[in-house]
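Listed here are the chains, written in short residue letters.
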Amino acid sequence: MNSQNHEVSVLVNENPVSVVGPRIEGRMIKQAAIDQGVKIRIDFILSEEQNDRKFKIIGDADVVTVNKNSRFHAVAPDDNSEASLLKTDVADAIEGIKATFPGKEVIVSADADGGASVIVEDIDLGMPFDQEKTWFGFRIGFQYPHGDIYPHFVRNDLKRKNASGLGPGLTPNHNFLGRNAIQISRRSNYWDPTRDTAALKLLKVIEWLRRSQ
Amino acid sequence: MKPLVNLVIPYSVWSQLKSHLFPGDGDEHGAALVVGSASSEREIRLLAKKVVLAKDGADYVPGSRSYRVLNPSFILQCALECRDDGMGLLLLHNHGGTNSVTFSNVDIESHERGYPALLDILRQQIVGGLVFAENAIAGDIWFPNGDRRTVDHATIVGPVTTRLYQSPPPRPPASGTHYDRQARLFGDRGQEIFSKYKVGIIGAGGAGSLVNEFLARLGVGHIVIIDPERLDPSNVSRVVDSSSWDAMTRLRENRFRWLRCIGDHLAAHKVSIASRVARKANSRIRIEPIIGNVVNDDVAMRLVDCDYLFLAADSAQARLVFNAIVHQYLIPGIQIGAKVPVDQETGVVGEPYSVVRPVVPDHGCLSCNGLILPSKITDETLSDEQRKAQRYVEDSEIFAPSVITLNSVAAGHATNEFAFNVTGLAHATRRPGHHNDPYDYIYFEPRGRVIRYESPRKNAACRECGMTSKSRLARGDAVTLPTRIRSQNG
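Top line first, the protein sequences correspond to chains A and B. Those letters in the first sequence? Residues 1 to 213, by my numbering. Those letters in the second sequence? Residues 1001 to 1490, by my numbering.
Among these hints, one or two may not hold up.
Covered stretches of chain A, as calculated for chain B (at least 3 residues, CB under 8 angstroms) [as the list claims (entries may be wrong)]: (1) 10-18; (2) 40-47; (3) 52-61; (4) 66-78.
Calculated cross-link-like contacts (lysine-lysine; reagent style DSSO-like; alpha-carbon spacing at most 30 angstroms) [unchecked claim]: (5) A:LYS104 with B:LYS1055; (6) A:LYS54 with B:LYS1376; (7) B:LYS1470 with A:LYS98; (8) B:LYS1470 with B:LYS1376; (9) B:LYS1376 with A:LYS39; (10) A:LYS54 with B:LYS1002.
The following residues of chain A were derived to be distant from chain B, with all beta-carbon distances above 12 angstroms [stated by the list, open to error]: (11) HIS6; (12) GLU25; (13) GLN31; (14) ILE107; (15) ALA110; (16) GLU121; (17) ASP124; (18) GLU132; (19) HIS146; (20) ARG155; (21) ASN156; (22) ASN162; (23) ASN175; (24) GLN183; (25) ASN189.
Note that these hints are calculated values from the structure, not bench results. Treat the numbers as computed from the prediction; the structure is a model and nothing was measured. Virtual Cβ for every residue (Gly too), placed ideally from N, Cα, C.
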């Protein structure tokens, strides 16, 4: 430990928490609070309270100077969804897609029956096509994971470098969430709800498209 | 059985909230309610003081885990205000649908993730979530002691009372022949509402005794009636069902002082007569006659879980306590009286009038309207000896005339106001072609056959009904009433 570092007692959500100061990252404050029993999670938003109920948001990587008067709050966003939207398994599937494609924009449009239509933007296409990237769209049904994720959709102007047709399993001029789209029909004959996920299926379809002739 | 949780919302707060949640776009919107609380054996009441609207696109944004989220910055801003003012925080949004609503799994998971932290921030005030459909509410309330309850219903109080449930309540039983004629107006639902209501009446004299009889005959299920006095022979002309025997008139008009003293001690208490009247009118009624002064804390606290209050006593102190209970506990009330002013010097009788003043937690209070005179409060705190020693002039009202017919106009109108309000039949706003508003004070002047309306004013900085942090509005059990501590006075 740096000889200038020392333990400082701060408040996190009105609970005294001992941290290593005087300068510390936001994420470390949250972790220390969690370790010392404060009822927060690491993904809560941290803020430092200033005067007159004003506060400043502290990012995970932000370094702050702390002292015994420092007061922090860690708060979660309050998620709201209509009762008929996003069944839990569907929401988990979407989380899995985001984790599998970090940095890619994921657009979710909830259905009225608990499923969702999803678009993942900017997926690399690889060699066979003139275009470098495409979006991929698909629907997760409300009975997921018991139902296959099928079909998928990509940009409608996809062209092969070898100027051949699209090939089997690809049909143009469909519509997905308002976008003109090519439909990719790749049904999983052995879909296993204990093992298969929407993210895994998407990876398989992407790989298939990259290898397609 | 644990008491139910009832969220009480003033009409103005509800109007603001409803417009925000249901603007006609069919979409979800969010907001927060700042609430006080009051607990009794009957129910736990969450008292909505104000709504903080979440701005779409800034405070209420698309979520990664859900359709929409309330932004943590918005939540923290509300939480810090509640923390500093000692209030609770309810975060809310709406779903589609009309007459029923429930939380989604996403909603509940979010509560379980985030509310323990909010309980810590709010320093042990209540935290919770609400979800609304157009005519429905569901609530998940987290208490500092670790308890967690659902909201049974919400009551919107104002010019008309309405209720929201999670789903439509079952059809009430038929009213029976006893109330058949009035059930044709109020319906079986209205009659059921009367039967479940607890109403407080402050004062069992001329006006209060009439209110008591009217409410009992309407079918109100529970009445608390408060008055410290015994019947005087001069009251018999005005107190319902009273007699010379109740007043011990013969003894009290006897030439022997000791017999007069016996008469003074044997005369019936006014609340005992009221109790008798109520039971005659409704054998199933629960009536609590309290021989006591509402200015004493132990008596005043008997009213804080009422659903409606009538003030039929004219002391400034009683007005102060009544006004405080209405606003601190969000209980709608009505002040009634009749006055025959007499000029002290000339003896000339002025214009007699009956008056009805609705007092609801929305529209200005008796204090805002100069109806609680500080000088009178000071006078009333003095003993008779102190008053005489300071040679205060006797208030002409003490000897003023009082007439049952004037009282009955006020009492009848006030109980009509109650009946139509609580059954949801009253008009919430001014009717086309009419000049009076639902909150207006009404004066009936019989000599000129005149009915006058007076719009109450509201002082935003009022300590009783204002929105400042120092106001007692919606504070519930968190602050004390302006009452006398009973233990110091025996």
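Taking the hints in turn, this is what the structure says about them:
1. 10-18: Holds: 3 residues of the region 10-18 of chain A have a Cβ under 8 angstroms from chain B.
2. 40-47: holds (count 5)
3. 52-61: holds (count 3)
4. 66-78: Result for this restraint: holds, n = 6.
5. A:LYS104 with B:LYS1055: holds, 27 angstroms
6. A:LYS54 with B:LYS1376: Answer violated: LYS54 (chain A) to LYS1376 (chain B) is near 44 angstroms, above 30 angstroms.
7. B:LYS1470 with A:LYS98: violated, 48 angstroms
8. B:LYS1470 with B:LYS1376: holds, 24 angstroms
9. B:LYS1376 with A:LYS39: Answer violated: LYS1376 (chain B) to LYS39 (chain A) is near 53 angstroms, above 30 angstroms.
10. A:LYS54 with B:LYS1002: violated, 39 angstroms
11. HIS6: holds, 26 angstroms
12. GLU25: holds, 18 angstroms
13. GLN31: Per Cβ check, GLN31 (chain A) is outside 12 angstroms of chain B; nearest 15 angstroms; holds.
14. ILE107: Given that some Cβ of chain B is not farther than 12 angstroms from that of ILE107 (chain A), nearest at about 9 angstroms, it is violated.
15. ALA110: Check fails; 6 angstroms does not lie beyond 12 angstroms.
16. GLU121: holds, 15 angstroms
17. ASP124: holds, 23 angstroms
18. GLU132: With a cut-off of 12 angstroms, GLU132 (chain A) remains clear of chain B, as the shortest Cβ separation is near 27 angstroms.
19. HIS146: holds, 17 angstroms
20. ARG155: holds, 23 angstroms
21. ASN156: Nearest chain B Cβ is 26 angstroms from ASN156 (chain A), so the label holds.
22. ASN162: With a cut-off of 12 angstroms, ASN162 (chain A) remains clear of chain B, as the shortest Cβ separation is near 40 angstroms.
23. ASN175: At about 22 angstroms from chain B, ASN175 (chain A) clears the 12 angstroms cut-off, so the statement holds.
24. GLN183: holds, 27 angstroms
25. ASN189: holds, 31 angstroms
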